[in-house]
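**Student:** Listed below, chain by chain, are the residues.
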Amino acid sequence: MSVNILYFAGLREALGQSSEQLSLPAQVGSVGQLHAHLAARGGVWAALTTTKNLRIAVNRKVAAMDAPVKDGDEVAFFPPVTGG
Amino acid sequence: MKISVQTEDFDLGAECAAITRGRSDIGALASFVGLVRDSNDGAGISRMTLEHYPGMTEQSLAEIVEQARGRWDVMDATVIHRVGELRPGDNIVLVVVASAHRGDAFAACEFIMDYLKTRAPFWKKEKTPEGERWVDARESDDESAARWKA
Numbered sequence: 001m002s003v004n005i006l007y008f009a010g011l012r013e014a015l016g017q018s019s020e021q022l023s024l025p026a027q028v029g030s031v032g033q034l035h036a037h038l039a040a041r042g043g044v045w046a047a048l049t050t051t052k053n054l055r056i057a058v059n060r061k062v063a064a065m066d067a068p069v070k071d072g073d074e075v076a077f078f079p080p081v082t083g084g
Numbered sequence: 001m002k003i004s005v006q007t008e009d010f011d012l013g014a015e016c017a018a019i020t021r022g023r024s025d026i027g028a029l030a031s032f033v034g035l036v037r038d039s040n041d042g043a044g045i046s047r048m049t050l051e052h053y054p055g056m057t058e059q060s061l062a063e064i065v066e067q068a069r070g071r072w073d074v075m076d077a078t079v080i081h082r083v084g085e086l087r088p089g090d091n092i093v094l095v096v097v098a099s100a101h102r103g104d105a106f107a108a109c110e111f112i113m114d115y116l117k118t119r120a121p122f123w124k125k126e127k128t129p130e131g132e133r134w135v136d137a138r139e140s141d142d143e144s145a146a147r148w149k150a
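Line order of the protein sequences matches chains A and B.
Reminder that position 29 of the first sequence reads as 29 in this note's numbering, one-by-one numbering, no gaps.
Reminder that position 68 of the second sequence reads as 68 in this note's numbering, one-by-one numbering, no gaps.
Calculated directly from the structure, the hints in this document are not laboratory data.
Even glycine gets a Cβ: it sits at the ideal position worked out from N, Cα and C.
Don't take each hint at face value.
Stated by the list, open to error - What follows is a set of in silico ranges between Cβ atoms, one per label pair, in the way DEER data are often shown: (1) B:Ala146 <-> A:Ala26: 35 to 41 Å; (2) B:Glu132 <-> A:Thr50: 30 to 36 Å; (3) A:Val62 <-> B:Gly42: 30 to 36 Å; (4) A:Ala36 <-> B:Cys16: 48 to 54 Å; (5) B:Arg147 <-> A:Arg41: 46 to 52 Å; (6) A:Gly29 <-> B:Gly70: 50 to 56 Å; (7) B:Gly13 <-> A:Leu54: 39 to 45 Å; (8) B:Arg133 <-> A:Ala26: 38 to 44 Å; (9) A:Arg41 <-> B:Thr128: 29 to 35 Å; (10) A:Ala46 <-> B:Ser24: 22 to 28 Å; (11) A:Val62 <-> B:Pro129: 17 to 23 Å; (12) B:Arg147 <-> A:Ala46: 51 to 57 Å; (13) B:Gly27 <-> A:Leu54: 40 to 46 Å; (14) A:Asn4 <-> B:Asp73: 36 to 42 Å.
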């Protein structure tokens, strides 16, 4: 399956990209598994584990680590929000 | 209800007039305007850049206003948040809530701001004499939002 991944703010800068389309191995079926899959890339991807209070949204709704990830989903990773 | 994420400035008077135009059942308008300060955490700020998550931002703001409607008598509401490059003194965010009475208008306006600050996907980057830095989320903002849970 394939998902569209977005990165924002300080995380986007640390990773050097704002989005990617990614085909996932069959064993990646949850937000937490996708997070671990990306963090396992090493190097700058350590930012996914060092960003304090990292937030993850699936299809534009904040999701927990055990939330499912399905084919065609839009998954966004970002630091805590600071608007207003 | 009006939700807008925009680079352009807004006018408080014009937004209040737009809400009350053509109706006489509104007894209270509460508004909040947030501006760019010239200092933060001990450093001078010469510029601020606001990033957001297009699509999720608008949806998130609409949900926050809907939650306010579920808790108070909200007859209409406007939320405008600017993005892009801003300078000290510039407007950032506007919330206007119309209700029959002030209690509902005040409470809903404050609730919308507290939830916006902790839930809507906006990020601020500020330029200081030492360079650019992303603004850290504040625990006090989480505490402000948490008090509405009771």
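**Student:** It remains to establish, for every hint, whether it holds in the given structure.
**Tutor:** A quick look at each hint next to the structure:
{"no.": "1", "hint": "B:Ala146 <-> A:Ala26: 35 to 41 Å", "result": "holds, 40 Å"}
{"no.": "2", "hint": "B:Glu132 <-> A:Thr50: 30 to 36 Å", "result": "violated, 19 Å"}
{"no.": "3", "hint": "A:Val62 <-> B:Gly42: 30 to 36 Å", "result": "holds, 31 Å"}
{"no.": "4", "hint": "A:Ala36 <-> B:Cys16: 48 to 54 Å", "result": "holds, 50 Å"}
{"no.": "5", "hint": "B:Arg147 <-> A:Arg41: 46 to 52 Å", "result": "violated, 40 Å"}
{"no.": "6", "hint": "A:Gly29 <-> B:Gly70: 50 to 56 Å", "result": "violated, 34 Å"}
{"no.": "7", "hint": "B:Gly13 <-> A:Leu54: 39 to 45 Å", "result": "holds, 41 Å"}
{"no.": "8", "hint": "B:Arg133 <-> A:Ala26: 38 to 44 Å", "result": "holds, 41 Å"}
{"no.": "9", "hint": "A:Arg41 <-> B:Thr128: 29 to 35 Å", "result": "holds, 32 Å"}
{"no.": "10", "hint": "A:Ala46 <-> B:Ser24: 22 to 28 Å", "result": "violated, 60 Å"}
{"no.": "11", "hint": "A:Val62 <-> B:Pro129: 17 to 23 Å", "result": "violated, 35 Å"}
{"no.": "12", "hint": "B:Arg147 <-> A:Ala46: 51 to 57 Å", "result": "violated, 36 Å"}
{"no.": "13", "hint": "B:Gly27 <-> A:Leu54: 40 to 46 Å", "result": "holds, 44 Å"}
{"no.": "14", "hint": "A:Asn4 <-> B:Asp73: 36 to 42 Å", "result": "holds, 40 Å"}
The structure fails to meet hints 2, 5, 6, 10, 11 and 12 from the earlier list, while all remaining hints are met.
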